[in-house]
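J.: This is what each chain is made of:
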Amino acid sequence: MTPLPRADQVWQALAQVPDPEIPVVNVVEMGIVRDVRVEGGKAVVTMTPTFSGCPALHAIRENLERAVRGLGFAEVEVRTVLFPPWSTDSITPEAREKLRQYGIAPPRPAGESGLIELEPAPLRCPRCGSLNTSTKNTFGPTLCKSIHVCNDCREPFEGFKSV
Amino acid sequence: MNETLQSALIAKLTALADDELILAHRDSEWTGHGPILEEDIALANIAQDELGHATVWYGLRSALDGSDPDRLAFFRDAGEFRNCELVELPRGDWAFTMLRQYLFDAYEALWLFAARNSTYRPLAEAAAKVVREERFHLQHTQAWVERLGLGTEESRRRMQAALDMQWGYAQQLFVPLPDEHLLVAEGIVPDLAELKEAWLERTTGHLQNSGLKLPLQMGYQPTHREIHTEHLWSLLAEMQSTARWDAEAKVW
Numbered sequence: 001m002t003p004l005p006r007a008d009q010v011w012q013a014l015a016q017v018p019d020p021e022i023p024v025v026n027v028v029e030m031g032i033v034r035d036v037r038v039e040g041g042k043a044v045v046t047m048t049p050t051f052s053g054c055p056a057l058h059a060i061r062e063n064l065e066r067a068v069r070g071l072g073f074a075e076v077e078v079r080t081v082l083f084p085p086w087s088t089d090s091i092t093p094e095a096r097e098k099l100r101q102y103g104i105a106p107p108r109p110a111g112e113s114g115l116i117e118l119e120p121a122p123l124r125c126p127r128c129g130s131l132n133t134s135t136k137n138t139f140g141p142t143l144c145k146s147i148h149v150c151n152d153c154r155e156p157f158e159g160f161k162s163v
Numbered sequence: 001m002n003e004t005l006q007s008a009l010i011a012k013l014t015a016l017a018d019d020e021l022i023l024a025h026r027d028s029e030w031t032g033h034g035p036i037l038e039e040d041i042a043l044a045n046i047a048q049d050e051l052g053h054a055t056v057w058y059g060l061r062s063a064l065d066g067s068d069p070d071r072l073a074f075f076r077d078a079g080e081f082r083n084c085e086l087v088e089l090p091r092g093d094w095a096f097t098m099l100r101q102y103l104f105d106a107y108e109a110l111w112l113f114a115a116r117n118s119t120y121r122p123l124a125e126a127a128a129k130v131v132r133e134e135r136f137h138l139q140h141t142q143a144w145v146e147r148l149g150l151g152t153e154e155s156r157r158r159m160q161a162a163l164d165m166q167w168g169y170a171q172q173l174f175v176p177l178p179d180e181h182l183l184v185a186e187g188i189v190p191d192l193a194e195l196k197e198a199w200l201e202r203t204t205g206h207l208q209n210s211g212l213k214l215p216l217q218m219g220y221q222p223t224h225r226e227i228h229t230e231h232l233w234s235l236l237a238e239m240q241s242t243a244r245w246d247a248e249a250k251v252w
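Protein sequences appear in the order of chains A and B. For the first sequence, the numbering used here assigns the number 1 to the initial residue and increments by one for each residue that follows. For the second sequence, the numbering used here assigns the number 1 to the initial residue and increments by one for each residue that follows.
Check before you lean on any hint, since a few could be wrong.
As the list claims (entries may be wrong) - Computed footprint of chain A on chain B; a stretch qualifies when at least three of its residues, placed anywhere within it, have a C-beta under 8 Å from a C-beta of chain A:
id, stretch
1, 6 to 15
2, 132 to 145
Said to hold, decoys possible - Covered stretches of chain A, as calculated for chain B (at least 3 residues, CB under 8 Å):
id, stretch
3, 52 to 66
4, 82 to 94
5, 134 to 144
Since the hints were made in silico from the structure, they are not lab data. Here the structure is a predicted model, which means the values were calculated and not measured. Backbone N, C-alpha and C fix where the C-beta goes; we use that ideal spot for every residue, glycine too.
All chains, please: the whole structure from these sequences, using the hints.
T.: Structure follows, in structure tokens:
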């Protein structure tokens, strides 16, 4: 009988699962996977949704399960937790750099903000690096992104919302 | 949690979810019809967020009574919905839609902010999550109220007409459910009377700074969530038609 994989191997497999909407980053470096436990022949993966209305959640859950099952587990459970709430602060530095190269301005530090706070500083243009940019729309093509324009290189670009 | 408390909480979660679901549907009616592309996208995002919040509240209810969120959304008739009347009113013009969303967002953001301290942990955790999304709405709709209120004579007239119509309806957001005081006493949900003060202070200040006048007469103020306008029937006829035609249309 081949021994079942350890938790660190499960983490490695999960790091191969791309974010369905931004495929250059994976779900682990986006901070979506919270915990992995191997109990007997069963793997338990705990994840947290990014935005509660994110339509990619079903796909993410299925992809996580498939990746872990592929390691040989007969039973895989994917649990969802809401707390602590997902924050863009959980995105790793490597993933931020991948986002920037992909053309999406990485989020600013979110921290604990008040009830309503306007976006404070401008986002850095992922193309030319200028900070001379303006927000065109707080809402973008997906729930997690906003739309901006660079006033120097004149390119429009997407930015990751800070939550 | 004893049985009385649990059924009070189920009723409250249903009201919260129904408000979000019906408002999301009204907002979604603008998809493809927004005044400019960016705003079309923004409102579609807001609708999607509110739908996500509805899923969260139905989910909390489901954990208590095993109910199926899809059945609740698509197979209840109008008389079984517990949303407030404000959210079911037809979408009207852009000023009407933006004002309604603003009045609702201000209420929802304050409610969620307070509900983070709920003694019922699943609710506290959900509120902490949802409030982070809600502030983007409030920021957006607050700016629209100001833009139209201080815009042209025509935009101000439309915004004022929307306010005259909606101000009384909006008060229903602060009418507690019959057993809600039991939940407040246990610290499970925030006290609506306290929230109303904060909401009035925030909204009246902003409305007046936007060149609008608060109606002298409050107008019609709905008080019972069992009662609905005729508009809910036609809204549901459209929203539920796919699921009712094809019961296997499970994913929404």
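J.: Indicate, hint by hint, whether the structure satisfies it.
T.: We went through each hint and held it up to the structure:
1. For a cut-off of 8 Å, the count of residues in the stretch 6 to 15 of chain B with a CB near a CB of chain A stands at 0, and the three-residue condition is violated.
2. Interface restraint, the stretch 132 to 145 of chain B with chain A: holds (8 residues with C-beta to C-beta distance below 8 Å; minimum three).
3. Proximity of the stretch 52 to 66 of chain A to chain B, defined as three or more residues with a beta carbon under 8 Å from a beta carbon of that chain, is established by the 5 residues found.
4. For the stretch 82 to 94 of chain A, the assignment as covered by chain B holds, since 6 residues bring a beta-carbon within under 8 Å of that chain's beta-carbons and 3 suffice.
5. Under the rule that three or more residues need a Cβ within less than 8 Å of chain B, the assignment of the stretch 134 to 144 of chain A holds, with 7 such residues.
Comparing the model with each earlier hint shows a violation of hint 1 alone; every other hint is respected.
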